[in-house]
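Modelling step: build the complete structure from the supplied sequences, incorporating the hints.
So the chains spell out like this:
Protein chains: 2
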Amino acid sequence: MKIVKTIQELQYLLKKEKTASRTIGFVPTMGYLHDGHLSLIKRARKESQIVVVSIFVNPLQFGPNEDFDRYPRDLERDTKLAEDAGADVLFCPETTEMYPDKPVVTVAVHRRTDALCGKSRIGHFDGVATVLTKLFNIVAPDKVYFGMKDAQQVAVVKGLAEDFNFSLEVIGCETKRESDGLAMSSRNVYLTQKERTEASHLYQSLIKAKNWLLDLESGETEKKMIEYLEEQTNGTVEYCKILSYPELLSPTAFDEKLIIAVSVRFSKARLIDNMIIDNVLERKESGEETCSVH
Amino acid sequence: MKIVKTIQELQYLLKKEKTASRTIGFVPTMGYLHDGHLSLIKRARKESQIVVVSIFVNPLQFGPNEDFDRYPRDLERDTKLAEDAGADVLFCPETTEMYPDKPVVTVAVHRRTDALCGKSRIGHFDGVATVLTKLFNIVAPDKVYFGMKDAQQVAVVKGLAEDFNFSLEVIGCETKRESDGLAMSSRNVYLTQKERTEASHLYQSLIKAKNWLLDLESGETEKKMIEYLEEQTNGTVEYCKILSYPELLSPTAFDEKLIIAVSVRFSKARLIDNMIIDNVLERKESGEETCSVH
Chain V
53 MKIVKTIQEL QYLLKKEKTA SRTIGFVPTM GYLHDGHLSL IKRARKESQI VVVSIFVNPL
113 QFGPNEDFDR YPRDLERDTK LAEDAGADVL FCPETTEMYP DKPVVTVAVH RRTDALCGKS
173 RIGHFDGVAT VLTKLFNIVA PDKVYFGMKD AQQVAVVKGL AEDFNFSLEV IGCETKRESD
233 GLAMSSRNVY LTQKERTEAS HLYQSLIKAK NWLLDLESGE TEKKMIEYLE EQTNGTVEYC
293 KILSYPELLS PTAFDEKLII AVSVRFSKAR LIDNMIIDNV LERKESGEET CSVH
Chain E
53 MKIVKTIQEL QYLLKKEKTA SRTIGFVPTM GYLHDGHLSL IKRARKESQI VVVSIFVNPL
113 QFGPNEDFDR YPRDLERDTK LAEDAGADVL FCPETTEMYP DKPVVTVAVH RRTDALCGKS
173 RIGHFDGVAT VLTKLFNIVA PDKVYFGMKD AQQVAVVKGL AEDFNFSLEV IGCETKRESD
233 GLAMSSRNVY LTQKERTEAS HLYQSLIKAK NWLLDLESGE TEKKMIEYLE EQTNGTVEYC
293 KILSYPELLS PTAFDEKLII AVSVRFSKAR LIDNMIIDNV LERKESGEET CSVH
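Those protein sequence lines, which keep their order, are chains V and E. The first sequence maps to residues 53 to 346 in my numbering. The second sequence maps to residues 53 to 346 in my numbering.
No wet-lab data here; the hints were simulated from the structure. Careful, some of the hints might be misleading.
[Stated by the list, open to error] The calculated label-pair distances, taken between Cβ atoms and stated as ranges, are:
(1) E/Gly-115 to V/Ile-55: 21 to 31 angstroms
(2) E/Asp-153 to V/Glu-149: 30 to 40 angstroms
(3) V/Ile-55 to E/Arg-317: 52 to 62 angstroms
(4) V/Asp-121 to E/Glu-118: 40 to 50 angstroms
[As the list claims (entries may be wrong)] Computed from the model, here is a short list of chain V residues facing chain E with C-beta under 10 angstroms:
(5) Tyr-151
(6) Lys-154
(7) Pro-155
(8) Val-157
(9) Asp-215
(10) Phe-216
(11) Gly-224
Built from N, CA and C at the ideal position, the CB exists for glycine as well.
Structure follows, in structure tokens:
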């Protein structure tokens, strides 16, 4: 595996591959790799001839009171993990390489950000979209892989790729979970032992919500999720939401997919999780039983 | 010359050229082509194997009270002119092809826009940068050509290409002028006959300013330009400015290049012109005469 620190070197290296018409799979990460990241790299390995992994803790997507400085980093360990998972190239630029100057332009995200994490993390998705625009242009991949744990990110990136006409496929991959259901995240290391045990209830709340939704309105389901999480954890529930996906608006019978999404703030970790389901509201409101009566 | 109306068809067509490693020169325009545009196409013809010209009147770069609806259009004439100048492909998409939906993302321009046209045309350069991001991704050119009449646009596009790591060269080409010095512009058709005669004084004011700057401060020079234009034309002077280029900030002795820029509003046309010069302030403030005394 080649380790590359400059944009110029990476572009030089990839130009050869492109001239030879080799396909490029790309996994952008902020490092501190876990099995979730590794599953993305392995999938890219299966589907592409060249696999590029980037590790860059992007300051632009952190708010002033967020965890940019203390975000966990371990490049030595990440290097070994990425190589073992099948990466050909590891791109790990310094901040000054990616942002040599105050930017003239950034990406502004206008939709899919008024809900869930976008509501509290002002500017977060602008920062994500900006760094990905840069990385997509530098790497020019055929396919790019993201974990569905960050479902809102996937929704924004799909909008970015479509609106800016990037010639690439955005692939959202299933969330990897610990044995008790906790979604894998680099931020799980922030949890105390007690919180780590409680944290499995985020996933439990999603499973329960999916069942509640068969009988209850989405608003009632959200309430029951909050009650459940307040009972089972000492964290602060930031949101429990049922929305259309990928638009992230109040769900209607016309939406194909829904997202059940949850965020809980523990002492030092803000955890998120979600589940994407077929629209059950549709079935309830215009189901066969009801239609046959008319 | 191939005339292409959809993004998909253009990408399909250009993919073949890229696979064959042919270089692509790109001239993005809003149509109603004049000799200025044609000189860009001819230059692209000389420097590239494939020349793509786009004609798209981009609604995103017009303000609500600007001339989007009445902007001059003549696709039939443009087609002939582009072909004669050497274009291989003319891309002329409908608005719905470029913007099928309310955008999820756009480009926000943060610098080089607080002066000159950016000051009065709020959102104009965001719209320019957004459509160019799309076009750059669709065409993936090696070189892209702009007229220096829109020097601020060139400054913004250079920032865009650099910040978003587009693998292309932005080339600003010398302004084409009528025999009396008036910078060629699609908007010149808006001028009455009397205004057309007066309009040559924009260029005259730049030539005079360049000379005045050898003796006067930039502020005094700006004042004299305004006086001159108010005397010689019935238009309303929107700005006469001397700034650093490409940053477009108040000039200092450290700036390499300066821009002398002017905008005059006539009854139905808002005209702009500019001249880029080596920094004369530097010479005055730290010239050899002064240095030899120390």
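Here's how the hints hold up against the structure:
Separated by about 48 angstroms at the C-beta atoms, E/Gly-115 and V/Ile-55 break the suggested range of 21 to 31 angstroms. Our hint of 30 to 40 angstroms for E/Asp-153 and V/Glu-149 holds, since their Cβ atoms are close to 35 angstroms apart. One distance hint, 52 to 62 angstroms for the beta-carbon pair V/Ile-55 and E/Arg-317, holds here, with the actual separation near 57 angstroms. With their beta carbons about 45 angstroms apart, V/Asp-121 and E/Glu-118 fall inside the hinted range of 40 to 50 angstroms.
Below 10 angstroms, beta-carbon pairs count as interface contacts, and V/Tyr-151 has one with chain E at about 8 angstroms; its hint therefore holds. Because the beta carbon of V/Lys-154 sits about 7 angstroms from the nearest beta carbon in chain E, less than 10 angstroms, this interface hint is met. Here the hint on V/Pro-155 is kept, as its CB sits about 5 angstroms from the closest CB of chain E, short of 10 angstroms. At a threshold of 10 angstroms, the smallest CB-CB gap from V/Val-157 to chain E is about 5 angstroms, leaving the interface hint in force.
Checking V/Asp-215 against chain E by beta carbon gives a least distance of about 5 angstroms; that is within 10 angstroms, so the hint holds. At its closest, the beta carbon of V/Phe-216 sits 5 angstroms from a beta carbon of chain E; the interface hint therefore holds under the 10 angstroms criterion. At its closest, the beta carbon of V/Gly-224 sits 16 angstroms from a beta carbon of chain E; the interface hint therefore is violated under the 10 angstroms criterion.
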